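Trainee: Listed below, chain by chain, are the residues.
Protein chains: 2
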Amino acid sequence: MIDDFVGGATDRAQEGGFVLPGHQNIMLMEVVRNVTILVVGSVALDTVETPFARVEEALGGAASYFSTAASLYNQVNLVAVVGSDFPREHLDFWCSRPVNLAGLQMQEGKTFRWTARYHMDMNARDTLDTQLGVYAGFHAVIPPEYRSSPLLFLANIQPELQLEVLEQMPQARLTVLDTMELWIMTERPRLTEVIERVDMLLMSEEEVRQYTHQSSIVAGVRQLLNMGLQYVVIKQGSYGALLFGADGTYFSAPSFPLEEVIDPTGAGDAFAGGFLGYLSTVEPEPGGRYSIEDIKCGVVHGNILGSFVCEDFSIGRLRTLTMDDVVVRYQTLVDCSHFDPNWRPIRIRNKV
Amino acid sequence: MIDDFVGGATDRAQEGGFVLPGHQNIMLMEVVRNVTILVVGSVALDTVETPFARVEEALGGAASYFSTAASLYNQVNLVAVVGSDFPREHLDFWCSRPVNLAGLQMQEGKTFRWTARYHMDMNARDTLDTQLGVYAGFHAVIPPEYRSSPLLFLANIQPELQLEVLEQMPQARLTVLDTMELWIMTERPRLTEVIERVDMLLMSEEEVRQYTHQSSIVAGVRQLLNMGLQYVVIKQGSYGALLFGADGTYFSAPSFPLEEVIDPTGAGDAFAGGFLGYLSTVEPEPGGRYSIEDIKCGVVHGNILGSFVCEDFSIGRLRTLTMDDVVVRYQTLVDCSHFDPNWRPIRIRNKV
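Residue numbers (our numbering), protein chains in the order written: chain S, 1 to 352; chain P, 1001 to 1352.
Extracted from the complex, chain S is given alone in its bound form (with noise of 0.2 Å):
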């Protein structure tokens, strides 16, 4: 069956499977079948500086990260808006991997700029300027074939763009929804109603106290389950995630200690595009939801893309990663979180 696909690879790249490249260490790896994965989000131009280094008008924006990360496991169909001055070697990125960039409208103006600047602890940064250009006036409009998509990820945008989202993909089967400090400050009850329609959450530790007025996170979180969510995410930067699950599941992901932390900047969008890149890849349950371990082994992929993002100024180590990074890091996880799951004080020793 591997060699029947391998041989078929090509074919089956045109039904909606995609080849990923560079993996001929460890074989190929078959997607499911038809199984895509939506964003919808903003693709920016980023002036960034950190303690160390600043890169200007680099390719940004949460589903440029999302995109880049996802479409190492699976195809991602992007809905977002860029102006004229956008730069054609960044279509030219995504057309060389399976991104779908049918929902990318392009339209006179100006590309959404983004310019911040990062503490000597990069875990925290303080934005600059922001130039909505072209999304000033930005609607989602969900192209016919990307309406089966049943993995969705609302990217960080204006709660309202991401209602018209839902409303468009009512068949999705799994809907993650980021959103930022702005949102909860300024539009409140658009982000509950969308809060209130998604499976999963992904959130700060600030944004889950912002937002829920608990100074618990573990009462912040009990509360936003408590509207409806099958799981909340918390995004602890360097320090990994926690997952908490409506059924009682509380997972924490361990980090990946990064000997350089060049910038941070999209690792919880690409944290979203491993979730859901290996989501895309296994089978549902019976009744369409994703089993719990499925859903904790995702988390450790997005810790794993969102550790490699931050190697990198913009989307530069996802450009070249492969499947086969992937897979060390994967283990290094594995050997760095595991520990004797037997230990019982009932241990005679030295016995007279």
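Facing chain P, according to a computed beta carbon distance under 10 Å, are these residues of chain S, among others:
(1) Phe52
(2) Glu206
(3) Ile217
(4) Val221
(5) Arg222
(6) Gly240
(7) Ser252
(8) Glu259
(9) Phe339
If you want the ones that stay clear, here's a sample from chain P, every Cβ over 12 Å from chain S, calculated:
(10) Glu1057
(11) Gln1107
(12) Lys1110
(13) Ala1116
(14) Pro1144
(15) Glu1160
(16) Gly1316
If you are wondering where the hints come from, they were derived from the structure by calculation, not from laboratory data.
All figures in this text were calculated on a predicted structure; none of them were measured in a lab.
Beta carbons: idealized from backbone N, C-alpha and C, even for Gly.
We have chain S already, so just place chain P on it with the hints.
Mentor: Coordinates of chain P only, in the frame set by chain S:
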């Protein structure tokens, strides 16, 4: 053999093997014979304010937290000093546990006092006042009966005092060092001498950056390991702990998500108590070193004891803690951190 042990419990307690109270549900743990744990550090009266509550002149100090935590596992030999105002009830409590007080000096004068206030994010605090009291002229004298302790915790005191202890304990099998920003800034050469002579160092990320002048934790840890340490543990507060070994080991111990953090004071000392307490119950390898699997398991025990201490002010939660409680939390940490160790991207699904 268990019956024999239970039957002879009282006698054995006289010989240095201790019967742990309150563990009927899980049988009794037989400790490794004659393995005691020595701690040198502060015993204090703490006044602590959190955003939600305040406690005055409660039992505090690194050695207090450590002794109470580690004595759940095995006998602790305590070296510290208290003033003539030290409440008798605290001594009575330790007498009810396997805490040897032969090395606890009582001097005319005031017990060490520490006052601090926590921020809304309880991972940060400000020290408001420190009154050294009888610690001003303290010198550590190790009673002869303590000198065979193979496990040694140098809690956070002046590096010069820590050196005095090391001089008196040349046979220790595993020495663990804690310190703080004050000594990094004011006693750097002495602190360096201590680091070069111990096996394991506990530090926060900020302390690693301060001491090594490296912005990368991984690079900072490597610099520390190059000083001759076997292990560096990075204390991450509510995010758990990271273990780095000179042998290349990396281990990320999961954090336990507390519903409510009452007071994080002493979490690092209770961590050390759980770590060395656990190691005191297992046999080292033939060469005298502990296996890396036992070191990892010790870090998990450290996290467990550190999490319990946050559930109340002072040593409140540790007073009533039983090994049953530890077992339950251990299992929770296994469940929340282990994931499919066998994932590979070779998955053949949806065969045609």
